[in-house]
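Keeping their order, the protein sequence lines are chains A and B. Quick note: the first sequence, position 36, residue 36 per our numbering, numbers continuous. Whatever position you read off the second sequence (first residue = 1), add 1000 for our numbering.
Be a bit skeptical, because a hint or two may be false.
So, partial list: chain B residues that the calculated Cβ filter (under 10 Å) puts toward chain A [as the list claims (entries may be wrong)]:
id, residue
1, 1087
2, 1109
3, 1128
4, 1163
5, 1196
A few chain B residues that don't get close to chain A, going by computed Cβ distances all over 12 Å [said to hold, decoys possible]:
id, residue
6, 1094
7, 1170
8, 1309
Hints in this document: simulated from the structure, not taken from any laboratory. Just so you know, these numbers come straight off a predicted model, no measurement behind them. Built from N, CA and C at the ideal position, the CB exists for glycine as well.
Each chain, written out:
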Amino acid sequence: MGEILKRLHEDIHFIEGLNSCMNCGVCTAICPAAEFYNYDPRVVVETVQRGDEGEIERLLESDTIWYCGECMSCKTRCPRCNTPGLVIMGLRRVSQELGYFTRSEKGRQQYALKHVIGESVLKRGYCVTPDLVRPEMHPEQGPVWEWVYEHMDAVYERTHGNLRKPGAGALRAVDEESMGELRRIFDVTGGTEFLEHIEACSREEARREGMDLEEGYFLRTYMENSDNHQ
Amino acid sequence: MKLEGKEQIWKDYQKEIADDRYYYARSCIRQTFFPGSEWAYLDILRNRLGKDVMDDPRHTTCTGIGYHSDVVPAQTIMTVVARHFALMTEAGYENITPSCITSFGIYTEILETWAHHPEVEEQVREYLWKATGREFKKPRNLAHTSDIIYKFRGEIAARARHRLVDAHTGRPLRGVDHIGCHYAKMFPSKGIGGAEFPAVLSGMITAWGGEAVDYPERRHCCGFGFRQYLVMANRGYSVANSKKKFESMRPYEPDFIVANCPGCAMFLDKWQYTISEMEGTTYGANGYGIPVLTYEELAGLVLGYDPWELGLQMHQVAVEPLLDKMGVAYDPEAKYLTRDGKEMGRPKCPTYLKV
Ligand code: SF4
Ligand code: SF4
Ligand code: SF4
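Modelling step: build the complete structure from the supplied sequences, incorporating the hints.
The structure is reproduced here in structure tokens:
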């Protein structure tokens, strides 16, 4: 067994997600990603089930595995109790561990996600906070959000939040001791290493392309769309 | 006889929901977009229903958005959740109630994984001990906060100040529900009504006098898709899926949408604005949108809370058409004021969507 298959067979999502696929295509029929992208979960599961290391390697470096929305609608419907969405989670993990993700446009976006969400978790103790939803990056949020953003302190006070203050309540500042525990959990479980690895692979890719990681490369991974996905 | 059979089948779609003494886990998305909902939830449970709810400042994100964006590994999120179980245990609680559908799905998934793989649970216990020196008991009961409101829907109806009925004509208001993918699609037996017969929100609608609308794309994803929204380049996926739902519900002329997941509530609200700017299309009557509420906001209106205390001014789609139908009294001038009544400007008007 090659390195990729070995890692997949140790992955808890992969183990839980794949029993045996009969290629019926029910997952594809229900899949919101298949409706929008050139994506077919049946083919992904079938490819993985065949177990050809070379074919799986091509999946890991492709856009394909990054189209899924992890809604898990496929889990409800599969007559064989597979979960293509979990198989995808396994593939994405291995694609990142082995550095394949920087070879595709959608894969490179993992840097943007690491930068925005990963760093927010370790800095503030939340995945998302109001200051992250900057109107210029989120025009779809509309003028009411712009108003909320501009009057953040007053709006959250009006609506019973406790923005960045000590004590309980919505959007409270997470105390230092809890932040310390959260960060140690990331250190002990390999979460920190995983984030650093995404960053190191992305830095290498940015260097190859002569771009600054946190400026040009970030914006590119956040905004680039070649429109070759449908 | 026949009814007995049906009752038996329906039993499979029920779940156990604890009666009191809840450890509350807040949601990053809900507190950002619907802080008033979290406040109303606690106020309703504690001050209207007399329940004991622990609101613990020490808990953090579950890291769920990072996990489903594939930047947080499984063993990491499991240990973060184990810490929440430890805080619950130390505080003397046994029932955990996350406010986020993403968290609820993750907590459920983790408990199932540990049941299949006790060695994974053991490893997480070691990680948690090493990182924090804490130990935990698994919760006796796991329920989403909407399950709790569903459980007490009758008590809320008994205290109703307004019903989900057109105050002028007596017509029951038509509500569309969206229970969110991770509530019941992964583990149908853990959601009320499972994935097929979503009852957690429609049960509230009917208990409070409204009519629950069934429509073809009722179970379709709102399109969040984690990386498919969080990365700007992918947002077409997200809006396209919501649009599919709006087109499908429009012929039924819903008076409101109620959502289980804070993400869904935010998207179904904001995408109506985006679609109106992109295509000039609006989905409500007379150029308005369809108001989108969280279940806490819906319960709050029924109980007579002030709309601006609930935070309805943070919605992009105007809620006033619904308030008018329900006969809720509100001060339009107070909508954009600070807590002590000062002006803070008004949001700009969209091009097409009436507000
Ligand atoms: S629904 Fe299940 S069995 Fe059918 S193709 Fe998809 S994964 Fe295979
Ligand atoms: S989890 Fe992924 S593969 Fe499964 S239905 Fe959702 S988008 Fe499709
Ligand atoms: S419908 Fe959307 S926001 Fe809601 S649970 Fe599914 S993906 Fe999450």
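Hint check, residue 1163 of chain B versus chain A [nearest Cβ-Cβ separation less than 10 Å]: violated (25 Å)
Residue 1309 of chain B and chain A, when compared Cβ to Cβ, separated by more than 12 Å: Violated: least Cβ distance 7 Å, not greater than 12 Å.
Satisfaction of the residue 1087 of chain B interface hint, Cβ to chain A closer than 10 Å: holds (9 Å)
Residue hint residue 1196 of chain B, partner chain A, criterion CB-CB below 10 Å: holds (8 Å)
Separation of residue 1094 of chain B from chain A, once the least beta-carbon distance is taken, above 12 Å: holds (20 Å)
Hint check, residue 1128 of chain B versus chain A [nearest Cβ-Cβ separation less than 10 Å]: holds (7 Å)
Interface hint outcome for residue 1109 of chain B [beta carbon to chain A under 10 Å]: holds (9 Å)
Verdict on residue 1170 of chain B as a residue remote from chain A, using beta-carbon distances over 12 Å: holds (32 Å)
Going down the numbered hints, you'll see the structure goes against 4, 8, while the others check out.
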